[in-house]
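Produce the complete structure using the sequences and hints provided.
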Amino acid sequence: MSAWSELILILVILTNLLLVGGNRLTGLIRFAAVQGLLAGLLPLLVHSHAITARLIFLAALAVALKGVAFPLLLGRALREADIRREVEPFVGSELSTFLGISLLAFSFWLSEWLGIAQAGWLRLMLPVGFFTMMTGLFLIISRHKALTQVLGYLVMENGIFLLGVALVGEVPFIVELGVLLDAFVAVFVMGIAIHHINREFNHMDVHLMARLKE
Amino acid sequence: METGLIFPSAGGIAGAALAAPLLSGVINRTKAVFAGRQGQPLLQAYHDIIKLLGKGAVYSRTTTWVFRAGPIIQFSCAALALALLPMGFQPALLAFPGDFICLAGLLALMRFFLMTAALDTGSSFEGMGASREAAFSALAEPVFLLSLAVLARLTGALSLSGMASRLALHPAEGSGPVLVLTTLALFVVLLAENARVPVDDPNTHLELTMIHEVMALDHGGPDLAFIQYAAQLKLWIMGILVVNALGLGGRGGWACAGGMAALAVLIGIVESTMARLRLLRVPQLMIGAGALSLLALLLTLVRP
Numbered sequence: 001m002s003a004w005s006e007l008i009l010i011l012v013i014l015t016n017l018l019l020v021g022g023n024r025l026t027g028l029i030r031f032a033a034v035q036g037l038l039a040g041l042l043p044l045l046v047h048s049h050a051i052t053a054r055l056i057f058l059a060a061l062a063v064a065l066k067g068v069a070f071p072l073l074l075g076r077a078l079r080e081a082d083i084r085r086e087v088e089p090f091v092g093s094e095l096s097t098f099l100g101i102s103l104l105a106f107s108f109w110l111s112e113w114l115g116i117a118q119a120g121w122l123r124l125m126l127p128v129g130f131f132t133m134m135t136g137l138f139l140i141i142s143r144h145k146a147l148t149q150v151l152g153y154l155v156m157e158n159g160i161f162l163l164g165v166a167l168v169g170e171v172p173f174i175v176e177l178g179v180l181l182d183a184f185v186a187v188f189v190m191g192i193a194i195h196h197i198n199r200e201f202n203h204m205d206v207h208l209m210a211r212l213k214e
Numbered sequence: 001m002e003t004g005l006i007f008p009s010a011g012g013i014a015g016a017a018l019a020a021p022l023l024s025g026v027i028n029r030t031k032a033v034f035a036g037r038q039g040q041p042l043l044q045a046y047h048d049i050i051k052l053l054g055k056g057a058v059y060s061r062t063t064t065w066v067f068r069a070g071p072i073i074q075f076s077c078a079a080l081a082l083a084l085l086p087m088g089f090q091p092a093l094l095a096f097p098g099d100f101i102c103l104a105g106l107l108a109l110m111r112f113f114l115m116t117a118a119l120d121t122g123s124s125f126e127g128m129g130a131s132r133e134a135a136f137s138a139l140a141e142p143v144f145l146l147s148l149a150v151l152a153r154l155t156g157a158l159s160l161s162g163m164a165s166r167l168a169l170h171p172a173e174g175s176g177p178v179l180v181l182t183t184l185a186l187f188v189v190l191l192a193e194n195a196r197v198p199v200d201d202p203n204t205h206l207e208l209t210m211i212h213e214v215m216a217l218d219h220g221g222p223d224l225a226f227i228q229y230a231a232q233l234k235l236w237i238m239g240i241l242v243v244n245a246l247g248l249g250g251r252g253g254w255a256c257a258g259g260m261a262a263l264a265v266l267i268g269i270v271e272s273t274m275a276r277l278r279l280l281r282v283p284q285l286m287i288g289a290g291a292l293s294l295l296a297l298l299l300t301l302v303r304p
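Just so you know, the sequences run in chain order A and B.
For the first sequence, the numbering used here gives the first residue as 1, with consecutive numbering after it.
For the second sequence, the numbering used here gives the first residue as 1, with consecutive numbering after it.
Just so you know, not all the hints are guaranteed correct.
Just a sample of chain A residues kept apart from chain B, beta carbon distances all over 12 Å, derived [unchecked claim]:
#1 ARG76
#2 ILE83
#3 VAL179
#4 VAL189
Beta-carbon label-pair distances, calculated as ranges [claimed, not checked]:
#5 ARG76(A) with LEU18(B): 57 to 63 Å
#6 ILE51(A) with GLN44(B): 55 to 61 Å
#7 HIS207(A) with GLN44(B): 55 to 61 Å
#8 HIS205(B) with ARG76(A): 42 to 48 Å
#9 ALA261(B) with ARG76(A): 43 to 49 Å
#10 GLY115(A) with ALA10(B): 52 to 58 Å
#11 ALA57(B) with ALA3(A): 54 to 60 Å
Since the hints were derived computationally from the structure, they do not count as laboratory data.
Please read these numbers as outputs of a predicted model, since none were measured by experiment.
Glycine is no exception: its CB is placed at the ideal position from the N, C-alpha and C atoms.
See below:
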């Protein structure tokens, strides 16, 4: 059981590194989907001694939303915008991978420093949660395309979810439902927004929109 | 070291020295099967070496002793590195704490003389190959050392023989993911260092894209035989490291040989299914491998 959750956490780390290092947008959407799937399955493994119908329902909902619905919505936005890759991000792919590993080391140090890292599966869970959040933030600040920034937001949500599982254990049902619904609506709205931005300006480079202020 | 141990490990070295060219035969046969061809004979590499040894050597007037010394030194470095390598049940002929750094040093020395001999010809193409080799190996070497450091940290052993036997017989509990990450990183290093497909294509003869092949262009006869044989030994050495990281190495000669054969088939599959990366993308691959080994190192550092 703990070996499986450890494996899933390591896979989450790998998807983070792939998200940070990759620049093909379809690949990025797929990595984010895999990460959402893994994060959604984790509570089932962590609480495998007491699986309730509520737990299964929430996991199924999370997997359906993050693993299936979001990639479909974002994939459609991508097809309509007709772009393939993140050209010339603010931080290049090699440096990004290196920074990603540094963020991971920092997350390990941070959870050690906070003194809440515990034995067993929590030992990896907390740093991975921090790392996933920081990866999301990094994607948001270092990429041009609106779509990559949406992915960064989703990754950050995954990180908060992991932190929740690590620190709180059982989040109230209604709170988790609300978070999932919020994320769904956000992705839905952002998909439409990307479409409109693209139709209006023929691109979705966020840094070019700074001009709109004038 | 006890004398009883020396003879069996010397037998391992002799076996490796004999079997190393066979690896390229297995790789080529795998590629031929994928392409639907019959392919060259399994023992083609041996025939090539024997043929080359029977030829005379031609030296250009621009070359100096560096060019002539290159192949001999490369071969000696590879043979010495072989003595540091544990194979099968046997510990290495020379096993001492920190010998993995010595191994990396020997491989670096080998590469250095390959590059200086290439530069000594004064050909611009060879210079290009040498510069690429220098650039990519500078990226591959840290990954190589990091991966070996992970294995050392995981097993608590500082010699390659100690690592191999502990990985095979007493693997640390829950070390599976770390070992998989390290093996992957080592495999990428193996592909990069041995002029294999995602980095270099051993079949290409276009000077603009070659890396390893272009550095041996002006060598002929016995010199070329030594260079080719040294390269095959190097592939064997890195292959043994990968097999040992999986814990197959310390389980006897047959497990080791089987692991090497499976590795050769795997390399063949990678070569048949992947295209060579653009030269600009190679650093990205190496940094990815470095990220894997760094991740493995971090995971071993936080072990309870």
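Do the hints match the structure? See the list:
{"no.": "1", "hint": "ARG76", "in the structure": "holds (29 Å)"}
{"no.": "2", "hint": "ILE83", "in the structure": "holds (20 Å)"}
{"no.": "3", "hint": "VAL179", "in the structure": "holds (29 Å)"}
{"no.": "4", "hint": "VAL189", "in the structure": "holds (34 Å)"}
{"no.": "5", "hint": "ARG76(A) with LEU18(B): 57 to 63 Å", "in the structure": "holds (59 Å)"}
{"no.": "6", "hint": "ILE51(A) with GLN44(B): 55 to 61 Å", "in the structure": "holds (59 Å)"}
{"no.": "7", "hint": "HIS207(A) with GLN44(B): 55 to 61 Å", "in the structure": "holds (56 Å)"}
{"no.": "8", "hint": "HIS205(B) with ARG76(A): 42 to 48 Å", "in the structure": "holds (46 Å)"}
{"no.": "9", "hint": "ALA261(B) with ARG76(A): 43 to 49 Å", "in the structure": "holds (47 Å)"}
{"no.": "10", "hint": "GLY115(A) with ALA10(B): 52 to 58 Å", "in the structure": "holds (55 Å)"}
{"no.": "11", "hint": "ALA57(B) with ALA3(A): 54 to 60 Å", "in the structure": "holds (58 Å)"}
The earlier numbered hints are all upheld by this structure, with none contradicted.
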